[in-house]
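Let's have the full structure, built from the sequences with the hints guiding it.
So the chains spell out like this:
Protein chains: 2
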Amino acid sequence: MTYCVGIQVAEGLLMMADTRTNAGIDRIATFPKLHAFVQPGERVVFVASAGNLGTAQRVVFLLGRQIAADEPDGIHRCPTLFDVAERVGDLLARTVRRYREANPDSTVNFACDLLLAGQIAGGEPALYQIYPEGNFIAATPDTPYLQIGESKYGKPILDRIIRPDTPLTQAVKCALISFDSTMQSNLSVGMPLDMVAYRKDSLEVRIERIAADDPYMRKLQKAWGGGLRSLFAQLP
Amino acid sequence: MTYCVGIQVAEGLLMMADTRTNAGIDRIATFPKLHAFVQPGERVVFVASAGNLGTAQRVVFLLGRQIAADEPDGIHRCPTLFDVAERVGDLLARTVRRYREANPDSTVNFACDLLLAGQIAGGEPALYQIYPEGNFIAATPDTPYLQIGESKYGKPILDRIIRPDTPLTQAVKCALISFDSTMQSNLSVGMPLDMVAYRKDSLEVRIERIAADDPYMRKLQKAWGGGLRSLFAQLP
Chain A
-16 MTYCVGIQVA EGLLMMADTR TNAGIDRIAT FPKLHAFVQP GERVVFVASA GNLGTAQRVV
44 FLLGRQIAAD EPDGIHRCPT LFDVAERVGD LLARTVRRYR EANPDSTVNF ACDLLLAGQI
104 AGGEPALYQI YPEGNFIAAT PDTPYLQIGE SKYGKPILDR IIRPDTPLTQ AVKCALISFD
164 STMQSNLSVG MPLDMVAYRK DSLEVRIERI AADDPYMRKL QKAWGGGLRS LFAQLP
Chain B
-16 MTYCVGIQVA EGLLMMADTR TNAGIDRIAT FPKLHAFVQP GERVVFVASA GNLGTAQRVV
44 FLLGRQIAAD EPDGIHRCPT LFDVAERVGD LLARTVRRYR EANPDSTVNF ACDLLLAGQI
104 AGGEPALYQI YPEGNFIAAT PDTPYLQIGE SKYGKPILDR IIRPDTPLTQ AVKCALISFD
164 STMQSNLSVG MPLDMVAYRK DSLEVRIERI AADDPYMRKL QKAWGGGLRS LFAQLP
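Residue numbers (this note's numbering), protein chains in the order written: chain A, -16 to 219; chain B, -16 to 219.
Zero decoy hints are in this set.
Which copy is meant is left open, so a pair is good if it fits within one copy or across any two.
Each computed SDA-like pair below joins lysine to any residue, with the alpha-carbon atoms no more than 20 Å apart:
hint: 1; residue 1: Lys205; residue 2: Pro219
hint: 2; residue 1: Lys156; residue 2: Arg212
hint: 3; residue 1: Lys205; residue 2: Arg146
hint: 4; residue 1: Lys156; residue 2: Gly209
hint: 5; residue 1: Lys156; residue 2: Gly208
hint: 6; residue 1: Lys205; residue 2: Met174
hint: 7; residue 1: Lys156; residue 2: Leu218
hint: 8; residue 1: Lys202; residue 2: Leu218
hint: 9; residue 1: Lys183; residue 2: Thr152
hint: 10; residue 1: Lys156; residue 2: Ala216
hint: 11; residue 1: Lys183; residue 2: Gly24
Calculated from the structure, these hints are not laboratory results.
Okay, here's the thing in structure tokens:
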């Protein structure tokens, strides 16, 4: 499995993904699942995936190739992020169908879910969850975060903390705790983590890697774990 | 769905279950899913279920009838809790098979999972998770709690708090928080809750109902929710 979360707040967007893949408990590997397509000052699009890695990599590879070749279908030519999401959704659905139709008797699940977020100059930032069927939903102020993959362990803390006016730095902290809770309880989600913290209108992104021994992550894990236990001890 | 947790600590046993059942989002009802079979001073057995309600109720009804009729197969005659778990597992597996075989084309899932715990005079307390196939596992000091149903949301807090030497009252508090986290994030789990807090060697149990407006539960939810937010705000 995998765990990815996307958060949209007034200050900008956050996307975080772990890097563990597993095909069975004894086939574990590290693969990036967060990818960025950037034309600085013009548009930023970042995509995270959970599910079949072959499907996700094909989508990401083809998106990059279309941009590199300046194809009219490339997402670098879409006028709005909605169009980007629609194009990525179509490519995803075609990819899933491609493998399914070639393997009618296979029990392999070729589906994958995507989170897509970004901003195009002149437009507002947006965050989408794209389903394997190609359809998608957008985050809204009522539900300012979206999750894919192994999402349940880390959901309670997001539900309690994330609001549209949560500062971006606090959203990062909350996402790290959401990942910590997930990794404590589920082996299929693991460090390192990849993250994009996008400040609205900056039109520039950088994927940051949070290593297993990242000093801030360590400090946060210790403070949160210890804090939870003492909060628990103080309860009526 | 449903959420049930069983905890085994040195001081005794705890079992907690919600009471919401749903067959589709618009068929929600309240049914007890925690049942006790008690011969005061001799043996206590309590069972919680998650999954097909018809299957669970059949198992519980037949267990009660066997005891009432003093049948040799009744769990009131088993010499150890292991034998009780085995007998309940066999009855569960037979029940699941019964409906499956009668409905070979049905897509209904007739399976259900059980938690079973208790103590027989002269023996030690034990806690088991019984699968729809009739096999089962016991809690151990390494893993002193077992969950069935909608278990992921409420797992992180159990992982952080529950140890074999956790006092029984603290285990109750922790289970209530685990349920609170689950109910905040998932509509299929709902109040009221049923609970058995069994003190080792007391050989007596009482199912307690925690109502939606239970003052302690309210206080706990408020203290935990508020405490989490201020702990979060204080993090580095």
